[in-house]
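Student: Build the complex: two chains, separate frames, hints provided.
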Amino acid sequence: MNNQVLTYGRVFVPLVLHVLFFQYAAFASGWWFVGLHLLGLMLMPLQSSPLLLLVVAAGFGSIVDTATLEGGLFMSSAVLMALATPAVNRLLAPREGYEVTDQPTVSSMGVQWFAIRCLLLLTVHHLWMFGLEAGRWDLFPRAIGKALTSSTLSTGAFVLVLLLTRRQRSAR
Amino acid sequence: MRNLWNLLVQYHIALVFVIFQGIALTWFVGSHGYSRGKWVQRSLEWQGKWDQRISQWNRLTELDDLNRELLAENATLRAELHSARGDAIHSTYHGAEVIRSTWNSTSNQMVLNKGTTHGVKPGNGLLQNNRVVGRVVEASENYALALPLINSSIEWSVRIGSSGPVARLVWEGGDVTRATVYDVPRSAPFSPGDSVLSSGFQGYFPAGLLVGSIADEAPEFDGQFLNVPITLAADFRAIRYVQIAAPIGESEINGLSHSDSQQSP
Numbered sequence: 044m045n046n047q048v049l050t051y052g053r054v055f056v057p058l059v060l061h062v063l064f065f066q067y068a069a070f071a072s073g074w075w076f077v078g079l080h081l082l083g084l085m086l087m088p089l090q091s092s093p094l095l096l097l098v099v100a101a102g103f104g105s106i107v108d109t110a111t112l113e114g115g116l117f118m119s120s121a122v123l124m125a126l127a128t129p130a131v132n133r134l135l136a137p138r139e140g141y142e143v144t145d146q147p148t149v150s151s152m153g154v155q156w157f158a159i160r161c162l163l164l165l166t167v168h169h170l171w172m173f174g175l176e177a178g179r180w181d182l183f184p185r186a187i188g189k190a191l192t193s194s195t196l197s198t199g200a201f202v203l204v205l206l207l208t209r210r211q212r213s214a215r
Numbered sequence: 079m080r081n082l083w084n085l086l087v088q089y090h091i092a093l094v095f096v097i098f099q100g101i102a103l104t105w106f107v108g109s110h111g112y113s114r115g116k117w118v119q120r121s122l123e124w125q126g127k128w129d130q131r132i133s134q135w136n137r138l139t140e141l142d143d144l145n146r147e148l149l150a151e152n153a154t155l156r157a158e159l160h161s162a163r164g165d166a167i168h169s170t171y172h173g174a175e176v177i178r179s180t181w182n183s184t185s186n187q188m189v190l191n192k193g194t195t196h197g198v199k200p201g202n203g204l205l206q207n208n209r210v211v212g213r214v215v216e217a218s219e220n221y222a223l224a225l226p227l228i229n230s231s232i233e234w235s236v237r238i239g240s241s242g243p244v245a246r247l248v249w250e251g252g253d254v255t256r257a258t259v260y261d262v263p264r265s266a267p268f269s270p271g272d273s274v275l276s277s278g279f280q281g282y283f284p285a286g287l288l289v290g291s292i293a294d295e296a297p298e299f300d301g302q303f304l305n306v307p308i309t310l311a312a313d314f315r316a317i318r319y320v321q322i323a324a325p326i327g328e329s330e331i332n333g334l335s336h337s338d339s340q341q342s343p
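Chains as they are written, first to last, in our numbering: chain A, 44 to 215; chain B, 79 to 343.
Okay, chain B solo, but in the shape it has when bound (with noise of 0.2 Å):
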């Protein structure tokens, strides 16, 4: 017992590191792709004020009012026009303001100035006129934390074209314009310029929107399948309002899902 206490004591400042380092480790592997639980939430609401005021501030010359009533009037639209359509999942937009963005590191992220009290939750998708941007993994009262397509840990859904074959879309860093759609059978027609649009399988946004077009770059093999890189169509370097699309009866298919796997063998 003696020899083991020497022994922390001669190398406490190793444990000591080993510890914190498992604690940081454990945090940063914990806290990319997924909801982030109440400490997170309590940062979002802190840092989402202090955002929002360097926001206010640098917003004083500009048309803030008028946007503000743009947005809040392209999302009744939007609304209206998906349940004119008759759309699979009929879904609620809000308008947001994206009060802090990053795009330079290969885990970007977005704060929204919308939160649970205005009905944000996560799951639901971002657009920016009609283009995916991302979706909310954590919402606090006032504010939400988003995930954009531009962060390369996780995955989209996506169609090639409006009848296509449904593909995974990955963002792999470095060019914030460009990402690509992996498995796309051999066999699939397309060329470049085509529409890449949301699937609406994973039900964070309506099917049919766009995600972006084929680039005008030769396809990858890889086997059976194609990679095929595509530009982006939102900007993520100037957006400035999103609308958030919240899919109406989510909470009855998720308990379709639910019966559905509990009765299976």
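In isolation and in its complexed conformation, chain A is listed as follows (with noise of 0.2 Å):
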């Protein structure tokens, strides 16, 4: 029951922390976008079913859309990103496949494997989301680099967030 708190917590606090406070969380003129719900959807348990991964990631991409208006943006990239999991996941599994109790977090697979993992799906989510909104051929080479800068410094900072909080519990 603890454990499933647990689980459903490390996904859901991201997206609440995203809407309440970090909507905007750009820097560097919009070139580091920080989507921190994306974090929660990257923890959705590794046997999730596809199906359920593509629901939960249109939920969440609704919910920032609506809180920042900006219709359907969010949940568009959102569901790719869900599409490709799967992929990813069975792309990086180890030779005897997942086991039950394993986790996509950096305690779990360690940081190299969460490192690859969300380098790609965040890859993905980008480049459509940045791609979708330059909405024109002449700013598609601006949103392939925003999204590749972007995606690089979002994995650096979520493997952070992952240890800090890895080393807080631990030091309990």
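Hints listed in this document are in silico derivations from the structure and should not be mistaken for laboratory results. Just so you know, not all the hints are guaranteed correct.
As the list claims (entries may be wrong) - Which bits of chain A does chain B cover? Going by a derived footprint, with three or more residues having C-beta under 8 Å, they are:
#1 67-73
#2 86-97
#3 101-108
#4 115-127
#5 179-188
C-beta: ideal position from N, C-alpha, C; glycine also.
Tutor: Structural data, given as structure tokens:
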């Protein structure tokens, strides 16, 4: 019971924090967008069905869209990221497959596994989001630059967040 | 029928994905640059309250009351000025605070702390110290959503100088201090530093308000016309207070243009 609360707490807390405090967490003139709700989506259990991932991603995206008045931008990008998640999980699976107890976190799968997965998924999300938001072909090179910069920096930030929260837990 | 069902079961993930994408993209396309309906008004009301609260926390140490008084005074003086000048369309002005603003995407927006109860309506113009900022596209009871000049999905009607040609202004993304005026006739006389003013044709603002100035860059030739880069007058990164211009007689003018379009063959 406690494990389940922890698992889904990890998923929903980033969304709540994003909607309440980090909606416009964009730095370096918009070159680094911090989509904290995406961390929640990436912490969905590895055993989640693709359908559940799509539904949760659509829900998360539409909540962020409603809060930021962006109208579908985040929903569309989050759904695409959810579609890519099972494929990325398979790509990075250990030779003997995932254990039932494996969690998509730094403490369970290691920094390298989490960072690569995070980078791949964020790149998918951000390429679609910045591309859609650019809306014109001449702005695409800039959108690609923003997507790659944001993905890289957010991956670093998310790894750091998970490392820090892991340390706090083990200290207790 | 059974085969169709099997097919749906087999490809249900792709189907759900397409449905969600369809909903999201329809929502996205339908909400850029236009009024957005009841749902967005509710969201705006809720989000506005939250942003207002955050904004109040941020403001604790600032000279907020003084700013508000100056804002109200500016709005009154501006209305008197336009009245004294005898502008073709008089506007009423309300002071408002920008409680949320973005400037780093291509579809930037602002949320203001005034809504329909304060007389704000979609189509009202936004000014910052007599400089054109944008226009309101949606209003709930207490808050309004506005699109600034730095939103690439809308075009603005401007005039080069006080008696020059009318052309269309478009912000193309990227630098929030720059925009381009399209369709300027090649014969039009202008030089770097000349003012670019509102034409007043769109009805959002009175004519003659400062939009920007011609940048010191070579214009781009486009057949019979020039595309002229300009420097925007409003500082979008620092906007905190704005005046909302509501044209008086707007409904009468709209009525005229409606009856005209109905009578025309």
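Student: None of the hints should be skipped; say for each whether it holds.
Tutor: Quick rundown of the hints versus the structure:
Evaluation of the coverage hint for the region 67-73 of chain A: fulfilled, as 4 residues show C-beta separations to chain B shorter than 8 Å, against a requirement of three. With 3 residues carrying a beta carbon less than 8 Å from a beta carbon of chain B, the region 86-97 of chain A meets the three-residue requirement, and the given coverage holds. For the region 101-108 of chain A, the assignment as covered by chain B holds, since 4 residues bring a beta-carbon within under 8 Å of that chain's beta-carbons and 3 suffice. Only residues whose C-beta sits within less than 8 Å of a C-beta in chain B count toward coverage, and the region 115-127 of chain A has 7 of them, enough to reach three; the restraint holds.
By the rule of at least three residues with a Cβ nearer than 8 Å to a Cβ of chain B, the coverage given for the region 179-188 of chain A holds, with 4 such residues.
Going down the numbered hints, you'll see the structure goes against none, and every one checks out.
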